[in-house]
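Work out the full structure: start from the sequences and follow the hints.
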Amino acid sequence: MINIFEVNETNEMIEKENLDVRTITMGISLLDCITDDLEKLRTNIFNKITSKAENLVSVGKEIEHEYGIPIVNKRISVTPIALVGASACKSPGDFATIAHTLDEAAKKVGVNFIGGYSALVSKGMTKGEEDLIRSIPMALSGTSLVCSSVNLGSTKTGINMDAVRLMGRIIKETAEATKDSDSLGCAKLVVFCNAPDDNPFMAGAFHGVTEADTIINVGVSGPGVVNTALKKVRGESFEVLCETIKKTAFKVTRVGQLVAGEASRRLNVPFGIVDLSLAPTPAIGDSVADILCEIGLEHVGAPGTTAALALLNDQVKKGGVMASSYVGGLSGAFIPVSEDQGMINAVEAGSLTLEKLEAMTCVCSVGLDMIAIPGDTKESTISGIIADEMAIGMVNQKTTAVRVIPVIGKTVGERVEFGGLLGYAPIMPVNQYSCEAFVDRKGRIPAPIHSFKN
Amino acid sequence: MKKTIITVVGKDAVGIIAKVCTYLANNRINILDISQTIVQGYFNMMMIADMNDSSKPFGDVADELEQIGEEIGVVIKCQREDIFNSMHRV
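Protein chains in written order, with the numbering used here: chain F, 8 to 461; chain V, 2 to 91.
I should point out that these hints are in silico values taken from the structure, not numbers from a laboratory.
The structure displayed is predicted, hence computed values, not measured ones.
A virtual CB, placed ideally from N, CA and C, is assigned to each residue, including glycine.
Calculated pairs, EDC-like style, for lysine to aspartate or glutamate (alpha carbon to alpha carbon, straight line, at most 20 Å):
(1) V:4 - F:13
(2) F:68 - V:83
(3) V:4 - F:73
(4) V:78 - F:16
(5) V:3 - F:71
(6) F:254 - V:83
(7) V:3 - F:69
(8) F:68 - V:61
(9) V:78 - F:69
(10) V:4 - F:71
(11) V:57 - F:69
(12) V:3 - F:73
Computed footprint of chain F on chain V; a stretch qualifies when at least three of its residues, placed anywhere within it, have a C-beta under 8 Å from a C-beta of chain F:
(13) 54 to 64
(14) 78 to 89
Okay, here's the thing in structure tokens:
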């Protein structure tokens, strides 16, 4: 039988070390909503989302209450809208009306975010996909809960540089369109290489076409728990360090597996995956950067950072894999800047640069995340940053992403406040040399040699 | 059997266990195990209870126990056992 020490350990994780389930995300396929009549399509989408997710929030709260574990977000992901709207939408403006429908449906069921205003264009773009991409600034400035993502490359297809070039412009336009709120629209927009179909985390969640009609995916979190465990083994060998991370990740993930199973049972929706993540928040003690410091760095960005992060990411996966029956999504340590107080401190101390962050993305779960850059950064420079990140993902057969925020009207030395879980960020300097001639080339970068495995 | 873990943490005082046990008895909740310790000067008790015959749903019991805790100046939490089993048993 469970003993008092085990009970206390779990409750201390929850109460003092910010252990929580970061999100229950319900994936909903909208493929059966498709019609060539835009009004009918919007009605179908609204009805499907509001009926399937009707009880998502109340069931989430019920589970929180019964198990005493906070579930921070309840979210929805849908089939990429570029596919769903292709037949009915004739222009970017038509697509933007679907964003409003998603927003209304999300508000009706009470979720925190809805993801899937997305296009998958890793090899080429259809007219519908291009229209959706062009509508993103309009869609994100006119809605509050909609998140957008675009997959620009993959190990199998290479990188669609035409789409990379376009996204540089779209990110700038989104920043302009939401400049009254410090370009917040860009915090809800992410570009990917090797985007997973079952990611529960925003802004990049969408319900892939390989998925079932409806599915429950869960993202766990617990940087504070790992950090507290590591404090107890300070100065010990790498073996002890790694074992401690693994054991802690196992415990954290088991809670995610339990919550996923319960949510799936109570909502009568199949369980998809648990995303084994260390997802930080700006709250003190909920930081991935603090773990890296506990491993032995004065500040994130110091030499050794990439190795420490590689070790952390790998042990989180090794510990988590056995704790869950199905693992998926992004799975690993997230390294967003604005959402992690330790990362913010490292930037402000001058220890962490964009280039070091790029190196870190080779070994973390995703990529350049929640990084504020000067508002006058050129479109082509943003495309260059994206291309670099996509190349890392393509060659290393991993998911990489870019979520940068060119904050209109602000520059290096200033700071931007997003509020809530998105936190605040110092504006980071960007390399000033041009990559325009590179980005202006048409076409795509071919898939790497090691993708040909057949 | 759906087991429930009830934890009570706070400053030690006369009658804490009596108060909680009376409430459980009144609501037909059977206590299977009790352990108690003092952690850093704080009263710390854990009960394993069987709520199968409970006269009230889980949510109400949790809320009312929390309320009793507030009245006597301790924190009372009521959680399903599964979360602890999941975390500590392979």
